[in-house]
Amino acid sequence: MPNTERTPGVVAGRLADDALAENFGDLHEPLDAHEAMVAADRCYFCHDAPCITACPTSIDIPLFIRQIQAGQPEGAAKTIFDQNILGGMCARVCPTETLCEEACVREAAEGKPVEIGRLQRFATDALMPKAHPYERAPETGKKIAIAGAGPAGLACAHRLAMYGHKVVMFEARSKPGGLNEYGIASYKTVDNFAQEEVDWLLGIGGIEMVYDHALGQGDLTLDALTDKYDAVFLALGLSGVNALRAEGEEHAHVLDAVDFISELRQAANKSTVPVGRDVVVIGGGMTAVDAAVQSKLLGAENVTMVYRRPRERMSASEYELHLATSKGVRIVTGATPTRLMGNEHVTDIEFAYTEDGPDGLQQTGETFTLKADQVLKAIGQHLDGAPGVIKLDGGKIAVDENGRTSLPKVWAGGDCATGGDDLTVTAVAEGRDAAEDIHQAIC
Amino acid sequence: MADLTTDFIGIKSPNPFWLASAPPTDKEYNVRRAFEAGWGGVVWKTLGEAGPPIVNVNGPRYGVVYGADRRVLGINNIELITDRPLEVNLEEIARVKKDYPDRAIVTSIMVPCEEQAWKAILPRVEDTGCDGIELNFGCPHGMSERGMGSAVGQVPEYIQMVAEWCKEHTDLPVIVKLTPNITDIRYPARAAKAGGADAVSLINTVSSITSVNLDTMSPEPSIDGKGSHGGYCGPAVKPIALNMVAEIARDPETSGLPISGIGGVTTWRDAAEFLALGAGNVQVCTAAMVYGFGIIKELTAGLSAWMDEKGYKSVAEVSGRAVPNVTDWQYLNLNYITKARIDQDACIKCGRCYAACEDTSHQAIAMKPGRVFEVIDEECVACNLCVDVCPVENCITMEELEPGMVDARTGKKVEAEYGNWTTHPNNPAATAAE
Numbered sequence: 001m002p003n004t005e006r007t008p009g010v011v012a013g014r015l016a017d018d019a020l021a022e023n024f025g026d027l028h029e030p031l032d033a034h035e036a037m038v039a040a041d042r043c044y045f046c047h048d049a050p051c052i053t054a055c056p057t058s059i060d061i062p063l064f065i066r067q068i069q070a071g072q073p074e075g076a077a078k079t080i081f082d083q084n085i086l087g088g089m090c091a092r093v094c095p096t097e098t099l100c101e102e103a104c105v106r107e108a109a110e111g112k113p114v115e116i117g118r119l120q121r122f123a124t125d126a127l128m129p130k131a132h133p134y135e136r137a138p139e140t141g142k143k144i145a146i147a148g149a150g151p152a153g154l155a156c157a158h159r160l161a162m163y164g165h166k167v168v169m170f171e172a173r174s175k176p177g178g179l180n181e182y183g184i185a186s187y188k189t190v191d192n193f194a195q196e197e198v199d200w201l202l203g204i205g206g207i208e209m210v211y212d213h214a215l216g217q218g219d220l221t222l223d224a225l226t227d228k229y230d231a232v233f234l235a236l237g238l239s240g241v242n243a244l245r246a247e248g249e250e251h252a253h254v255l256d257a258v259d260f261i262s263e264l265r266q267a268a269n270k271s272t273v274p275v276g277r278d279v280v281v282i283g284g285g286m287t288a289v290d291a292a293v294q295s296k297l298l299g300a301e302n303v304t305m306v307y308r309r310p311r312e313r314m315s316a317s318e319y320e321l322h323l324a325t326s327k328g329v330r331i332v333t334g335a336t337p338t339r340l341m342g343n344e345h346v347t348d349i350e351f352a353y354t355e356d357g358p359d360g361l362q363q364t365g366e367t368f369t370l371k372a373d374q375v376l377k378a379i380g381q382h383l384d385g386a387p388g389v390i391k392l393d394g395g396k397i398a399v400d401e402n403g404r405t406s407l408p409k410v411w412a413g414g415d416c417a418t419g420g421d422d423l424t425v426t427a428v429a430e431g432r433d434a435a436e437d438i439h440q441a442i443c
Numbered sequence: 001m002a003d004l005t006t007d008f009i010g011i012k013s014p015n016p017f018w019l020a021s022a023p024p025t026d027k028e029y030n031v032r033r034a035f036e037a038g039w040g041g042v043v044w045k046t047l048g049e050a051g052p053p054i055v056n057v058n059g060p061r062y063g064v065v066y067g068a069d070r071r072v073l074g075i076n077n078i079e080l081i082t083d084r085p086l087e088v089n090l091e092e093i094a095r096v097k098k099d100y101p102d103r104a105i106v107t108s109i110m111v112p113c114e115e116q117a118w119k120a121i122l123p124r125v126e127d128t129g130c131d132g133i134e135l136n137f138g139c140p141h142g143m144s145e146r147g148m149g150s151a152v153g154q155v156p157e158y159i160q161m162v163a164e165w166c167k168e169h170t171d172l173p174v175i176v177k178l179t180p181n182i183t184d185i186r187y188p189a190r191a192a193k194a195g196g197a198d199a200v201s202l203i204n205t206v207s208s209i210t211s212v213n214l215d216t217m218s219p220e221p222s223i224d225g226k227g228s229h230g231g232y233c234g235p236a237v238k239p240i241a242l243n244m245v246a247e248i249a250r251d252p253e254t255s256g257l258p259i260s261g262i263g264g265v266t267t268w269r270d271a272a273e274f275l276a277l278g279a280g281n282v283q284v285c286t287a288a289m290v291y292g293f294g295i296i297k298e299l300t301a302g303l304s305a306w307m308d309e310k311g312y313k314s315v316a317e318v319s320g321r322a323v324p325n326v327t328d329w330q331y332l333n334l335n336y337i338t339k340a341r342i343d344q345d346a347c348i349k350c351g352r353c354y355a356a357c358e359d360t361s362h363q364a365i366a367m368k369p370g371r372v373f374e375v376i377d378e379e380c381v382a383c384n385l386c387v388d389v390c391p392v393e394n395c396i397t398m399e400e401l402e403p404g405m406v407d408a409r410t411g412k413k414v415e416a417e418y419g420n421w422t423t424h425p426n427n428p429a430a431t432a433a434e
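The listed protein sequences correspond, in order, to chains A and B.
Mapping of the first sequence onto our numbering: residues 1 to 443, in sequence order.
Mapping of the second sequence onto our numbering: residues 1 to 434, in sequence order.
Keep in mind that the hints were calculated from the coordinates and are not lab data.
Where a beta carbon is used, it is the ideal one built from N, C-alpha and C, also for glycine.
Just so you know, not all the hints are guaranteed correct.
[Claimed, not checked] The list that follows gives simulated cross-link-like pairs (lysine to aspartate or glutamate, EDC-like), each with its CA atoms no further than 16 Å apart:
(1) B/Lys-349 to A/Asp-199
(2) B/Lys-339 to B/Glu-309
(3) B/Lys-349 to A/Glu-102
[Claimed, not checked] Examples of chain A residues toward chain B, derived with CB under 10 Å:
(4) Arg-42
(5) Tyr-44
(6) Thr-226
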C-alpha cells in the first residue's frame, strides 16, 4: 500500500507523482505576451522612480518596463542585465514585496503594485535563450581568483570577464550556483533554471570553473591564491548552521532545514524525498518558510513553524507567511524549543512560551508539546572556514563599501561579508561592485 | 425621469442616439437588431446609384490605434459605400421602417455630382417611407477619387448646389454630412445652409494612416503590400468633432442650424458634451463596432440619470447649453489667476508632475526629501500640465486666487474685473477699456 499523508514516521512518496508535479511547479506562472503588455501598461514611468532606489542592484525598472511596452522585451532584458547579470534568478526569487514592488507607487495608490518581478522574468526569459548579450573586452593578462560560485561570485566573475580579465572560480560543491542551486525552494526556480543561468552567464568567456575545491582545504589557501592571482574575491556564503542548543537535539530526524531544502532541489524525483507526518520547523526566516511549505507540498499531514519572537520580528516577509499559511502551514510565534523527546527518533518537541522584556527574551514558564517525527532547524547560518588572518565583524568578513577586506588584494561579498540582507540580489550587487573596484585597483 | 425623445428637424425618435451611416447600418438584419437593442434611429449605410454596385477590397478594411490593454482609441477604415444593389437596400429600408414606425430611419446617399443622378434616386428613396436623407459629402477615401464624398464636401459651392437639387427634388428633410478634412468647417456649413439643408451632421472620418508595418513597409491596413489613406474615427477624433460642432453652433451665419453630432461618442457623457455644444442628437458608430449594440443601454440610462440629476427635462433643454461659453481666445479673462495645488494625502509620489514641469514646462514644482512635491507659486503659470499627467484624480487641482491676493509670480494683486487681450496694455492694437 502506498504511503499517504497519514503514514506514520519519515517516509517518501506520500503524494502521487502528479500531485507532486503540481505542487512543485512554478509558484508564479510566467506572463504571456498579452499579460505582460497589460502589466507593463500599468507602470507610470515615475520620475527618479522609488522602485529603482529599492532595488539593491538599481535596475532601471521603468525603462525596462517601457521597453516591454514598446515591444522589445530583449532590450528590456539588456537593461536588467546591465545592472544585474543574475536578473533571471532575481526575477524568480527576489522578495519583491519588500523591495521594488513595495516601493511601487501603485502599491500606495491601490495596494496593487506593478508586477515588476514577473515582468522582469518575461524580459529575461525572452533574451536568455539567445546568444550571450555581452562581448568580452580584449584579454588584459590579469587573473582573479574567486572562492565560491554563488550569486556574489558569479556576478563578480562576469563583470571581471567583461573587462577582459581572466577569472578562475573555486567552488566547494560539485555544481555552481550556491544558494540559487541548493538553497531556494524548488517551486521558485523550476526546470533546472539555476544551472542554465550559470551556463548562459559563462557564455561571456574567460571564466574557468574548478569544482569540489573549498578554500582552506588541501593546498587551496588564501596565501596561495594571493601569490598567484592579481586579486581574490571571497564569496564563501554561510556554510555553518546554528544549533538549537536544546536537550535532545541529537535525535534522529532532527535536520538542518538547509540540507532538507538542498536534498529536495537536487532530487530529480520529489517522491524519493522523505518527509515526516508531523513536521516542526524552527525559525522565522525565508529558509524556515521554504522548508515548511515544501514539507507540506511533499505531503506532511501537519506542519508547524515555530518562531521564538513575535510575528512582526520574523524576517520572512508577510507575503511569504501568507504563502505558508495558504499551503496549510501553522505558524506559532513567541515560543522557543526546550526539549526534544523520543527514543531512537524524535517523537515530540516541547516549547516554552516567551516574552520580550527589558532583559531580552524571557521564557514565561508555560510550556506546550507538539508531536514531531521530523524537526527542521532554520535558526540561521554562520560563516565557517574564513581564513584565520582576515578581520571579521559580527562573525562575517569585514568589508568596506567596495568590498575590500582587511587584507591587500582580497575582496569579499555576498552572505559571508558584512552588509547586505543575505539576499541573492544583494549578493549580486556586492559581487558586481567588488568587480568594479578590483578592475580599478589592478588596471 | 428625463424625456429622451427627440424631434430632430421633424424626425422623431425615442432617444437621441442614432447609429451613423456605416457598417452597422448596412442591412436589414443589423438594423433590426439595433432597434431591438433600443437604438433611437439609424442612418442607413450610404446608397449609391442604381446599376452594378461598387466593390470593396477583399483584404483588411480597418486599421486601429490601441491604448492600454488593447482598448480601441481609434479605427481607420477604407470601406466604401454599400456594395449591395440599390434595390435590395430600398426594399429592406421600407420593410424595417414599416415594422419600426417609432424609430428614425434616415437614408444616406452618395451619387455623382450631377443633378440627374440625384433626381433619379431621390423619389426611390422617398418611396421607402424613410424619415429623411443624409448627403454623404464626407468619406475621404475611395469615393472621393471618383468626385464624390469629401471631394464634394471640400468645395462649399458644390455642397450648396447639391443641397439645392435635393431640396428641389424631395420633400424629405435634408441633412448634409460634413467632412472634417477642410481648413474651416464654417464654410461648408454655411454652404449647406445656403443650399437649404435642414441640418448638418459632423464629423465624417479624418483622413489617416494608422500605422506602418515595419517589416513590409506597408501602411496598415495593408492590401497586398500597399495601403491607402482611410477615414479615422472613434474616441481619438472626439476633440476635433466637438470643436467643429461648436464652431458651427456659435457662428452667427449658421447659428440655429440643427446639428447631428458625430465623432467618438462612446459613453453618455460624450453624447451630453456634443449636445451641450449645440448638437440636437448624436450618431454613433465606432463604439458600437467595438462593443456591440448593447451599449445603448448605458447611453440612454446614463444620459437620463445625468439629466435627472441636473434637472433637465428634455434633450432640447440640454442642446446648446455650453455654446455661449465657447469664445475666442482674445476674450478669455486674463485677470483669472490660478495656481496648482497638490493634495499631499492623495499624492502617491510618482513624480510625474515634477518631471513634466521640470523638463517641459516652468520649473514650478519642487521635489523635496521623501519625494514630497510642492508647487512653487513664484514660477507656476497654472498651465495645468501637472494636473493632466497626474495619475490620481483630484490630487492636483487649480486653485483660483481671490481678487486682492498677490500672484507670487508677477507680484501683482489679482484684479476683480474681467480684462482680456483686446484691452491689455501689451497689445499694440488694444482699445481703451470703457
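Verification of the hints:
no., hint, in the structure
1, B/Lys-349 to A/Asp-199, "violated, 41 Å"
2, B/Lys-339 to B/Glu-309, "violated, 30 Å"
3, B/Lys-349 to A/Glu-102, "holds, 13 Å"
4, Arg-42, "holds, 8 Å"
5, Tyr-44, "holds, 5 Å"
6, Thr-226, "violated, 44 Å"
Against the hints set out earlier in the document, violations occur for numbers 1, 2 and 6.
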